[in-house]
Amino acid sequence: MNHLPQAWGRPRDDVYGAYDSSYLQGQSHGPTQHTQSPVVTGTSVVALKFKDGVIIAADNLASYGSLARFTDVKRLRTFAETSVVGFGGDVSDMQYLDRLLNSLDTEEAYGSAGHTLNAKNLHTYLSKVFYKRRSEFNPLWNHILVAGLDGESKPFLASADLLGTTFSAPSLATGYGAHLAQPLLRKVAPDEEAAAQLTKEQALEAVKESMKVLFYRDARSLDKYSIAVITKDGIDLKENEKLEKQSWAFADQIRGYGTQVN
Amino acid sequence: MAEVCMPQAGSDRLRAKAKRASHRAWSFKSPRYSRAQRPPQIPIHLPSLIPQASPSIPEHHGTGYDLTNSVFSPDGRNFQVEYAVKAVENGGTSIGIRCKDGVVLAVEKVITSKLLKAGANKRIATIDRHIGAVSSGLVPDGRHFVSRARDEAASWRSVYKTPITTKDLASRMGGYLQAYTLYSSVRPFGITGIVAGFDSELELPVDGQVGSGPSIGSGGKVEGKKYGGPGLYMIEPSGMYWGYYGAATGKGRQTAKAELEKLDLAALNLSLEDGVKEAARIIYVAHADNKDKEFELEMTWISNLDGPTKGRHQEVPKDILEEAEKLAKKYLEGDDDEDTKDDDKPAEGDAMEE
Chain W
1 MNHLPQAWGR
11 PRDDVYGAYD
21 SSYLQGQSHG
31 PTQHTQSPVV
41 TGTSVVALKF
51 KDGVIIAADN
61 LASYGSLARF
71 TDVKRLRTFA
81 ETSVVGFGGD
91 VSDMQYLDRL
101 LNSLDTEEAY
111 GSAGHTLNAK
121 NLHTYLSKVF
131 YKRRSEFNPL
141 WNHILVAGLD
151 GESKPFLASA
161 DLLGTTFSAP
171 SLATGYGAHL
181 AQPLLRKVAP
191 DEEAAAQLTK
201 EQALEAVKES
211 MKVLFYRDAR
221 SLDKYSIAVI
231 TKDGIDLKEN
241 EKLEKQSWAF
251 ADQIRGYGTQ
261 VN
Chain L
1 MAEVCMPQAG
11 SDRLRAKAKR
21 ASHRAWSFKS
31 PRYSRAQRPP
41 QIPIHLPSLI
51 PQASPSIPEH
61 HGTGYDLTNS
71 VFSPDGRNFQ
81 VEYAVKAVEN
91 GGTSIGIRCK
101 DGVVLAVEKV
111 ITSKLLKAGA
121 NKRIATIDRH
131 IGAVSSGLVP
141 DGRHFVSRAR
151 DEAASWRSVY
161 KTPITTKDLA
171 SRMGGYLQAY
181 TLYSSVRPFG
191 ITGIVAGFDS
201 ELELPVDGQV
211 GSGPSIGSGG
221 KVEGKKYGGP
231 GLYMIEPSGM
241 YWGYYGAATG
251 KGRQTAKAEL
261 EKLDLAALNL
271 SLEDGVKEAA
281 RIIYVAHADN
291 KDKEFELEMT
301 WISNLDGPTK
311 GRHQEVPKDI
321 LEEAEKLAKK
331 YLEGDDDEDT
341 KDDDKPAEGD
351 AMEE
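Protein sequence lines correspond, in order, to chains W and L.
If you count by the UniProt record's numbering, then the first sequence holds residues 1 to 262, one letter each, in order.
If you count by the UniProt record's numbering, then the second sequence holds residues 1 to 354, one letter each, in order.
Simulated from the structure, these hints should not be mistaken for laboratory data.
For each residue, glycine too, the CB sits at the ideal point set by N, CA and C.
A few of these clues could be false.
[To be verified] Result set (EDC-like, lysine to aspartate or glutamate): computed pairs, CA atoms no more than 20 Å apart in a straight line:
1) L:K122 to W:D20
2) L:K310 to W:D72
3) L:K310 to W:D236
4) W:K154 to W:E107
5) L:K310 to W:E107
6) L:K161 to W:D105
7) L:K318 to L:D274
8) L:K122 to W:E107
9) L:K310 to W:E108
10) L:K310 to W:D105
11) L:K318 to L:E273
12) L:K161 to W:D236
13) L:K161 to W:D98
14) L:K86 to L:D289
15) L:K221 to W:D72
16) L:K161 to W:E108
17) L:K310 to W:D191
[To be verified] Quick list of simulated restraints, FRET-style, between CB atoms:
18) L:Y183 to W:E107: 26 to 32 Å
19) L:K122 to W:R99: 23 to 29 Å
20) L:E294 to W:E81: 34 to 40 Å
21) W:K238 to L:H144: 43 to 49 Å
22) W:R99 to L:Y183: 34 to 40 Å
23) W:D233 to L:E89: 44 to 50 Å
24) L:G220 to W:K132: 39 to 45 Å
25) W:S153 to L:E333: 19 to 25 Å
26) W:K200 to L:G243: 46 to 52 Å
Sequences are here, hints too, so could you generate the full structure?
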């Protein structure tokens with residue numbers, strides 16, 4: 001998947017060639033469909049399972065194209081004090097889904113047993129919402145990660161996107177993170193067995209390192225981020241974290257583009 | 001449909017019809033009854049001819065004014081609504097107490113059978129997350145009330161993107177109950193509902209809000225400003241509702257009200273924890289008039305954000321509830337010793353069983 005949300009769900013140019021827009025016979029036909037491409041977007045969400053739970057993180061930026069427009073946007077949303085959803089892609093669609101989850105949470109609590117939805121149920125629900133919307137040719141332009149615990153109180157992590165595509169792995173990342181964070185997270189948790197050995201400290205370190213690498217190399221990222229640790233004890237959500245120990249000291253050693261000496 | 005005749009002033013047709021009707025079994029003067037095919041009853045108030053239940057309050061039962069909803073009696077009452085109140089007066093006692101840092105709701109559930117599971121069959125419901133509702137009277141009407149209240153709260157959220165305030169919910173539910181007094185095709189609600197909530201003291205973000213907005217200046221934040229607070233409303237079958245410091249309805253309402261008045265709730269000195277104890281005690285005291293039947297106490301509370309429920313409507317935790325019930329029983333035993341020394345034999349028997 002391309003890291004640019006604008007390209008999500010579209011045929012890849014390198015495989016299929018550029019889209020021949022001459023078939024559209026000019027832009028004046030039909031209404032402008034603002035829901036068919038994202039406007040204000042969030043970049044990567046990264047998440048990693050460990051021994052006792054899951055860690056999920058996303059930065060606090062909402063970009064307007066290349067403009068870093070909103071810098072205090074919280075893209076991790078908690079659900080029923082047991083799950084966290086991390087949103088990448090369109091922020092207005094994220095707000096819609098947030099309201100949807102809020103009303104689901106309220107109605108769920110009306111039952112005599114109280115909350116019964118776990119992260120696994122929540123992921124199933126959201127993936128069906130996504131698939132229905134894409135089937136109506138009116139997708140919710142997001143790629144989300146659902147982190148929490150499943151019905152057996154085991155760590156649960158899964159992805160769902162604007163096409164209704166779902167998959168699961170011990171570590172997951174959306175957008176640019178799929179290219180940059182995933183290889184780093186897979187080093188510490190190549191498979192489920194390895195993830196089940198990870199301590200919280202090891203997992204936290206790996207996720208924070210991934211966020212730092214993303215800030216170095218993703219032009220739509222920010223050094224302020226939110227991070228949540230979900231265990232049986234509940235959710236520990238921090239929404240105003242700052243990247244630490246960045247390495248820029250080497251930069252002043254670099255001169256020119258080849259032959260320049262000083 | 002010759003007998004259906006709408007009054008048309010000065011109409012010859014009408015006068016002719018009246019002539020024809022005059023030798024029928026029923027009177028022309030009563031078009032409403034002729035429409036409904038009822039035997040003749042002339043709904044004219046004749047106080048001297050009608051037996052009265054008490055000399056000061058004229059009783060109009062049996063004069064025809066009480067057969068249909070939305071009909072005014074000659075002195076302007078809607079008897080069907082008053083009959084609905086009688087259904088409330090037979091229901092289990094419900095109370096609400098507004099404390100300085102939250103609200104408590106409690107209900108007496110009379111145990112009609114040993115086959116009923118303890119702790120099941122909840123009577124206090126949550127609306128949105130921060131409001132509780134309980135009612136006395138017809139239980140299914142109470143369920144309908146709660147269902148409507150939840151719809152109202154959800155619709156408020158979808159429009160305003162923020163939780164409904166207790167006051168606004170009470171207003172909407174008052175309007176809803178009042179609408180059921182307006183038509184002969186519907187019946188009034190056989191309940192009096194108590195709605196209690198805690199409106200957040202924070203400036204709430206709208207649902208789905210991202211970012212925090214300007215920190216200063218126009219649209220900015222006012223440092224330390226508190227909003228909201230506890231709210232308690234009681235809505236009657238007529239649709240009438242008021243805000244209360246303490247509210248009681250159902251069979252034991254008189255006793256409960258007397259106890260509530262003693263608490264001086266208007267001074268707002270009562271803490272939520274004490275409110276729970278008082279609520280349990282009042283339900284036990286109110287039940288004392290109805291001693292032959294066992295009951296179960298159900299109790300919920302809503303605190304402020306710093307309190308035990310963090311602004312949510314929740315059941316009172318088991319240990320706190322049991323402590324409050326223990327104190328209530330102790331109070332009653334003390335009461336029995338002092339007041340009713342000679343006729344408290346059955347009460348002691350009850351106490352032995354527990």
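So, going through the hints one by one against the coordinates:
Only pairs whose Cα atoms come within 20 Å are accepted, and K122 of chain L paired with D20 of chain W is rejected, the gap being roughly 63 Å. Restraint check for K310 of chain L and D72 of chain W: the C-alpha separation of about 25 Å exceeds 20 Å, so the hint is violated. The hinted pair formed by K310 of chain L and D236 of chain W meets the criterion: a straight-line CA distance of about 17 Å does not exceed 20 Å. Pair hint K154 of chain W plus E107 of chain W does not hold up; C-alpha atoms about 25 Å apart against a cutoff of 20 Å.
Of the pairs offered as hints, the one joining K310 of chain L and E107 of chain W holds, with about 19 Å between alpha carbons and a cut-off of 20 Å not exceeded. A hinted pair counts as satisfied when its Cα atoms are at most 20 Å apart, and K161 of chain L with D105 of chain W qualifies at roughly 15 Å. For the hint pairing K318 of chain L with D274 of chain L, the CA-to-CA distance comes to about 16 Å; that is within 20 Å, so the pair holds. Restraint check for K122 of chain L and E107 of chain W: the C-alpha separation of about 16 Å stays at or below 20 Å, so the hint holds.
In summary, the hint linking K310 of chain L to E108 of chain W is supported, as the alpha carbons are separated by about 19 Å, within the 20 Å threshold. In summary, the hint linking K310 of chain L to D105 of chain W is supported, as the alpha carbons are separated by about 17 Å, within the 20 Å threshold. A threshold of 20 Å between alpha carbons decides the hint, and for K318 of chain L with E273 of chain L the separation of about 14 Å falls inside it, so the pair holds. Annotation: proposed proximity of K161 of chain L to D236 of chain W is violated, straight-line Cα distance about 26 Å (limit 20 Å).
Between the alpha carbons of K161 of chain L and D98 of chain W the distance comes to roughly 11 Å, so the proposed pair stays at or under 20 Å and holds. With a C-alpha separation of about 18 Å, the suggested pairing of K86 of chain L with D289 of chain L holds against the 20 Å cut-off. A C-alpha spacing of about 16 Å is found between K221 of chain L and D72 of chain W, which places the hinted pair at or below 20 Å, so the restraint holds. Between K161 of chain L and E108 of chain W the alpha-carbon distance is near 19 Å, which keeps this suggested pair within the 20 Å criterion.
Taking the CA atoms of K310 of chain L and D191 of chain W, the gap is near 40 Å; set against the 20 Å cutoff, the hint is violated. At roughly 31 Å, the beta carbons of Y183 of chain L and E107 of chain W sit within the given window of 26 to 32 Å. Look at K122 of chain L against R99 of chain W: about 28 Å separates their beta carbons, and that is inside 23 to 29 Å. At about 36 Å, the beta-carbon gap between E294 of chain L and E81 of chain W stays in the expected band of 34 to 40 Å.
Between K238 of chain W and H144 of chain L the beta carbons are some 44 Å apart, a value that agrees with the proposed interval 43 to 49 Å. At about 36 Å, the CB distance of R99 of chain W to Y183 of chain L agrees with the hint of 34 to 40 Å. One distance hint, 44 to 50 Å for the beta-carbon pair D233 of chain W and E89 of chain L, holds here, with the actual separation near 49 Å. Between G220 of chain L and K132 of chain W, the C-beta spacing of about 40 Å keeps the proposed range 39 to 45 Å intact.
Separated by about 45 Å at the C-beta atoms, S153 of chain W and E333 of chain L break the suggested range of 19 to 25 Å. For the pair K200 of chain W and G243 of chain L, the supplied restraint of 46 to 52 Å holds, since their beta-carbon distance comes to about 49 Å.
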